[in-house]
Amino acid sequence: MKSNSKGKSSRSRAVTLIITPDMLAGMYEYLRTTPPFKGWKLPPSSEVKFNVSRNPKEYGYYQWDGKRHTITGSIKSVGQTITLAVFMAHEMIHMYLEIHGLESRKGGRDTHNAAFKKRAARVCKWHGFDLKAFY
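Read in order, the letters of the sequence shown are residues 915 to 1049 in our numbering.
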């Protein structure tokens, strides 16, 4: 790593990850190979649509339209690899719940029902994510 004239690393400035649909799909596939997702038998990324939004008010969301699963991530809110991993894990729980008829239909705070919280605790334990910041 090179240093500038003041002795600081040229890599010391903050780098923002600019997410793409391919990055979303890649993180999804990575997580699918790890516990507890591995046992959930979620569809392969080729059967999921991945979108990128510019909404600064949310990290993104999962959606089922009756035909296809969609995961959308915000380029304005997801800027680091760890944030991408946590966001994707969160949305994959929503997908699992939707597939198994356990997803809340109320929206708002009730979106993260007991079924979500149970799986979130398991995901956070396996991956070292902060459960307090997960939902």
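Just so you know, the hints here were simulated from the structure itself, not pulled from any lab data. Here the structure is a predicted model, which is why all the values come from computation and not from measurement. Any given hint could turn out to be false.
Okay, derived cross-link-like pairs now, DSS-like style, lysine-lysine, Cα gap no bigger than 30 Å in a straight line [unchecked claim]:
| id | residue 1 | residue 2 |
| --- | --- | --- |
| 1 | LYS952 | LYS1046 |
| 2 | LYS981 | LYS963 |
| 3 | LYS971 | LYS1032 |
| 4 | LYS963 | LYS952 |
| 5 | LYS981 | LYS1032 |
| 6 | LYS1032 | LYS955 |
| 7 | LYS955 | LYS1039 |
| 8 | LYS963 | LYS990 |
| 9 | LYS1032 | LYS1046 |
| 10 | LYS955 | LYS1046 |
| 11 | LYS1031 | LYS952 |
| 12 | LYS1046 | LYS990 |
| 13 | LYS1046 | LYS963 |
| 14 | LYS1046 | LYS971 |
query: Failing hints, ascending?
result: As far as the earlier hints go, not one is violated by this structure.
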